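Student: Plus 291 on top of the position in the sequence shown (first one is 1) and you've got the numbering used here.
Just so you know, the hints here were simulated from the structure itself, not pulled from any lab data. It cannot be assumed that every hint is accurate.
[To be verified] Here are the computed distance ranges between Cβ atoms for each label pair:
id: 1; residue 1: Asn559; residue 2: Ser483; range: 32 to 38 Å
id: 2; residue 1: Pro326; residue 2: Arg414; range: 18 to 24 Å
id: 3; residue 1: Gly443; residue 2: Thr577; range: 36 to 42 Å
The structure displayed is predicted, hence computed values, not measured ones. Note that beta-carbon positions come from the ideal geometry of N, C-alpha and C, so glycine has one too.
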Amino acid sequence: MKSLQLRFGIAALPAVALVVALAVPLGAQQVQRLPLAPIPPTGEPVAPFFEGWYRNDDGTFTFSWGFFNLNTEEILDIPLGTENFIEPAEFDGDQPTHFPVRPRRDRGVFSVTVPESYADTSRRVVWTITSNGVTYSTPARVGIDALQLDYGPRAMGSIPPLVRFGEDGEVGQHIQGAHSEPRTATVGEPISLTLWVSEVSERAPDDLANTDVEVRVTWFKHQGPADEVIFEPGQITVPGTGEASTQATFTAPGEYLLRARVDNFGANDSSGGDQCCWSNGYVSVTVTDPAGMR
Numbered sequence: 292m293k294s295l296q297l298r299f300g301i302a303a304l305p306a307v308a309l310v311v312a313l314a315v316p317l318g319a320q321q322v323q324r325l326p327l328a329p330i331p332p333t334g335e336p337v338a339p340f341f342e343g344w345y346r347n348d349d350g351t352f353t354f355s356w357g358f359f360n361l362n363t364e365e366i367l368d369i370p371l372g373t374e375n376f377i378e379p380a381e382f383d384g385d386q387p388t389h390f391p392v393r394p395r396r397d398r399g400v401f402s403v404t405v406p407e408s409y410a411d412t413s414r415r416v417v418w419t420i421t422s423n424g425v426t427y428s429t430p431a432r433v434g435i436d437a438l439q440l441d442y443g444p445r446a447m448g449s450i451p452p453l454v455r456f457g458e459d460g461e462v463g464q465h466i467q468g469a470h471s472e473p474r475t476a477t478v479g480e481p482i483s484l485t486l487w488v489s490e491v492s493e494r495a496p497d498d499l500a501n502t503d504v505e506v507r508v509t510w511f512k513h514q515g516p517a518d519e520v521i522f523e524p525g526q527i528t529v530p531g532t533g534e535a536s537t538q539a540t541f542t543a544p545g546e547y548l549l550r551a552r553v554d555n556f557g558a559n560d561s562s563g564g565d566q567c568c569w570s571n572g573y574v575s576v577t578v579t580d581p582a583g584m585r
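Please put together the full structure from these sequences, using the hints given.
Tutor: Here's what the structure looks like:
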């Protein structure tokens, strides 16, 4: 098995640099690829990414994580376990198991919050993924200045939208987001998923403010069996503040975790590349198949 450890600074590397890094021979069986060679549609691995770290008001720290599916066509599903795990084990379980090709590079899909003791920069949290015969382990730690993130507004005031499930649900924001009450569903029968979202800002001055920024809600399968979840629609646009609803239909039974990314990327001071400005919403769904088709 081929293996490579992704070092702390890899979250800041451009895609071309990453491809170059992967071209370095790691063993006698590895075929070296030229830096500008076409990216294969299948057979490539998934790379976990440490996006950066936040300092929280209560003394804790939050790590932001994402991934890069190096294939252009192959969708990978890697269950939690020996090929998809986080150490220390107390932080294991929130990472994705589904790695699509749209988007191939997805940022801030989940977070890990560690205690104040992680101010000791020797303490690390490591996410390991093995796929298509390649193992990548990416460590995260506090103290790398270039990877320190912040919750504050961007140049023109943009900050992640507010999100909640249910009219009286708890409001969430940033990568930690909001969590719905667990849901149940039946194979082939759609369930309704509704989010209340609000575009918030601290824009200044008024003549620079974009008051017409829309909030976009995009749904993903985060965890679950290697079967399709159909979202209709998969993306909803809300004019600033309002309700966003979709229907989710499951093609196989099992335990699923769905994620909604709520962003205002339409603002001219907002982008996923600088870890702003979106919030996550998570829904756990238990899907059964009373017909016993599987």
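Student: If a hint holds in the structure, say so; if it does not, say that too.
Tutor: Do the hints match the structure? See the list:
no.	hint	in the structure
1	Asn559 to Ser483: 32 to 38 Å	holds, 34 Å
2	Pro326 to Arg414: 18 to 24 Å	violated, 35 Å
3	Gly443 to Thr577: 36 to 42 Å	holds, 38 Å
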